[in-house]
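Since the structure of chain V is provided, determine the placement of chain Z on it from the hints.
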Amino acid sequence: MDNRLSKINLENLYWLGRYVERVIITLDQIVDTFDEMLDKNPMAYQVFCEKIGITDTFKDGDHFLSEYILNEALPYSMISNINMAYQNAMVSRDILKIRCFGYLRNALSVLKKCDVTKIYTLKEVKDSLFAFWGSLQEYLESQSVYSIILMGKYVEKIDLGLRFQRGDMYRSWARLEWMMSHFEISLKYEEITLQGINSLFDRSFGES
Amino acid sequence: MHREINGKNHEIIKTYLDRYGVKFGIYKDNTFDERIFPFDMIPRVIEEEEYKILEKGLIQRVKALNAFLNDIYSTQQIVKDGIIPEEFITSSSGYFPQLCGVKPVKGIYAHISGIDLVQGKDSKWYVLEDNIRVPSGASYSVVARNITRMAAPEIFKDIPIRENRHYPQMLKEMMDSVNTGGINVILTPGRSNAAFFEHAFLAEKSGAKLVFPSELEVDGEGVYFRHFSGEKIRVGAIYRRISDEFLDPLAFNPHSLLGVPNLMSAYHKGEVAIVNAVGNGVADDKGIYYFVPKMVEYYLGEEPILENAPTYLPYFEKDMQYTLENIDKLVIKDVAEAGGYGVLFGRDLSLEKREALIESIKKEPRRFISQEIIDFKELEIISDTKTSRKADFRAYVVMGAEEIHVWPSGLTRYTTRTDTFIVNSSQGGGFKDTWIIDSQK
Chain V
0 MDNRLSKINL ENLYWLGRYV ERVIITLDQI VDTFDEMLDK NPMAYQVFCE
50 KIGITDTFKD GDHFLSEYIL NEALPYSMIS NINMAYQNAM VSRDILKIRC
100 FGYLRNALSV LKKCDVTKIY TLKEVKDSLF AFWGSLQEYL ESQSVYSIIL
150 MGKYVEKIDL GLRFQRGDMY RSWARLEWMM SHFEISLKYE EITLQGINSL
200 FDRSFGES
Chain Z
0 MHREINGKNH EIIKTYLDRY GVKFGIYKDN TFDERIFPFD MIPRVIEEEE
50 YKILEKGLIQ RVKALNAFLN DIYSTQQIVK DGIIPEEFIT SSSGYFPQLC
100 GVKPVKGIYA HISGIDLVQG KDSKWYVLED NIRVPSGASY SVVARNITRM
150 AAPEIFKDIP IRENRHYPQM LKEMMDSVNT GGINVILTPG RSNAAFFEHA
200 FLAEKSGAKL VFPSELEVDG EGVYFRHFSG EKIRVGAIYR RISDEFLDPL
250 AFNPHSLLGV PNLMSAYHKG EVAIVNAVGN GVADDKGIYY FVPKMVEYYL
300 GEEPILENAP TYLPYFEKDM QYTLENIDKL VIKDVAEAGG YGVLFGRDLS
350 LEKREALIES IKKEPRRFIS QEIIDFKELE IISDTKTSRK ADFRAYVVMG
400 AEEIHVWPSG LTRYTTRTDT FIVNSSQGGG FKDTWIIDSQ K
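Quick mapping for you: the protein sequence lines, in order, are chains V and Z. For the first sequence, numbering that gives the first Met the number 0 begins at 0 and goes up steadily by one. For the second sequence, numbering that gives the first Met the number 0 begins at 0 and goes up steadily by one.
If we strip away everything but chain V, and leave its shape as in the complex, we get (with noise of 0.2 Å):
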């Protein structure tokens, strides 16, 4: 294990990929709402209101769009998450390297600057995610480091993946349990929970 993590590191890293893949499978889901809007449902947007948990306190499904992909007001809001992503980041650059974090920034200034009203827009938001979990993948020389980032990664695409009903969660599912078992966290089976995995990032991991 890098010998030079702490547990505020964990735990930043481990939300950073959270937040990552928050604002990509979010994203896809948009994309499909906003698809089905158009020609078969203009309240589809109150499905996926429900399936993620917020209030539906839009007028119509443009005022959700826009209000859903960038009122930074809006703790939920998909600019936030990345936003949230990128606070993650900042507080880890020595640990991400500057090749890595510039994708993270690029994907929040290409998002501040997207018109909503023009959804295939968002895909360069996309492009820059990807991007950076490449440029993970690529550059960064401590496994763990990766590997702590990648289970937050599997971890969204769980809770996302439930409420969606996407098929990739089982994947996930089987990678999160590999990769437990390779850091050796040691959860009965019928403890690992996402609550109990969120628990072992909070800034208790590890005392002793």
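Hints in this document: simulated from the structure, not taken from any laboratory. Even glycine gets a Cβ: it sits at the ideal position worked out from N, Cα and C. Careful, some of the hints might be misleading.
[Unchecked claim] Covered stretches of chain V (chain Z as the covering partner; in silico rule of three or more C-beta atoms under 8 Å from a C-beta of chain Z):
id: 1; region: 5-16
id: 2; region: 74-82
id: 3; region: 85-92
Positioned in the frame of chain V, the structure of chain Z alone reads:
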């Protein structure tokens, strides 16, 4: 200037600066905001020949300041010999009498010095300030150079510009030279610090571990980094980016949440090197600045190579009289302030404010210095029309246990407004890279 320095490349560079998060924080109306540090692609150019003189002068100045700190925290011979009045030492907010007799590792106080200079219209350089507490800013030029090389590579093929991207390596070597056995760390007060970008950048590039105060602890005599597993890893050198007053709540400000309890105890025992040393504030006090040329003569027995801007101390009767008689053509500085605050130009003050300032100077002469206004050189900046702005130059001197080096570059800060001489980033200033060029090559 080279054809590649143009608006188009300038835009590319700005995009990259944003991408790399090259920012500084600013507090305004009690809120923290993070801004891109405005960068201008046209560099300050210093010819190698001129740089060599500056280099000698800077090394001389920092050696004298380091000798002064060694003296002030031991026998205070310079006071006994009547070179500096005792009051200037004891009344300095950066002086900590409790540190007398405490020797930093290998006698190095001024590990990293940021010396602020300006170049007059007659091309003569003047030192405006010595920053030897926690001088910031070097990383901005390193990042800017990296990006400029990508955006405008032809320039670097054509012009022999001295490399500046090894600053983090200089930092590492200096820290290694004073390390007492353990890892090097950069101690940041946190994400909301104005210079957090720099803390993280220097940690990444120098290989030091970026740490927050709660990640360090003093156990027994040593300082340790807390690994998440509970293991403690010994720390040998701390490049702290936290002011003295907040470093250790048991030694200084008891309300500090940024400090590491008992850190000073480990420091006293020589168990850890703190970069820069604690107590340096006495040497970069604006009042003490007046005496630096005298320190050069006193400690090194040499003629000072670099000159101060003509400065007066109202503490001395003659200087008080001169200051009061000429206040309209002087700049008055409050020695307790920094970051461009507390700088008043007599000519800009209303009658009422002028009178109030005069009263303050008479009441607390030690609190102020007055200086002749140097009409310093303007540098061209990229704009729709040909424009230039006032600019200063911060040179960095890195002093390790065996070697002392001037970084062959620096941070050139310029005013973004035409109506001010204040270049500080906290006051809206921008920055330029500084190129040392050997045209003979």
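Hints versus structure:
no.	hint	in the structure
1	5-16	holds (count 5)
2	74-82	violated (count 0)
3	85-92	holds (count 4)
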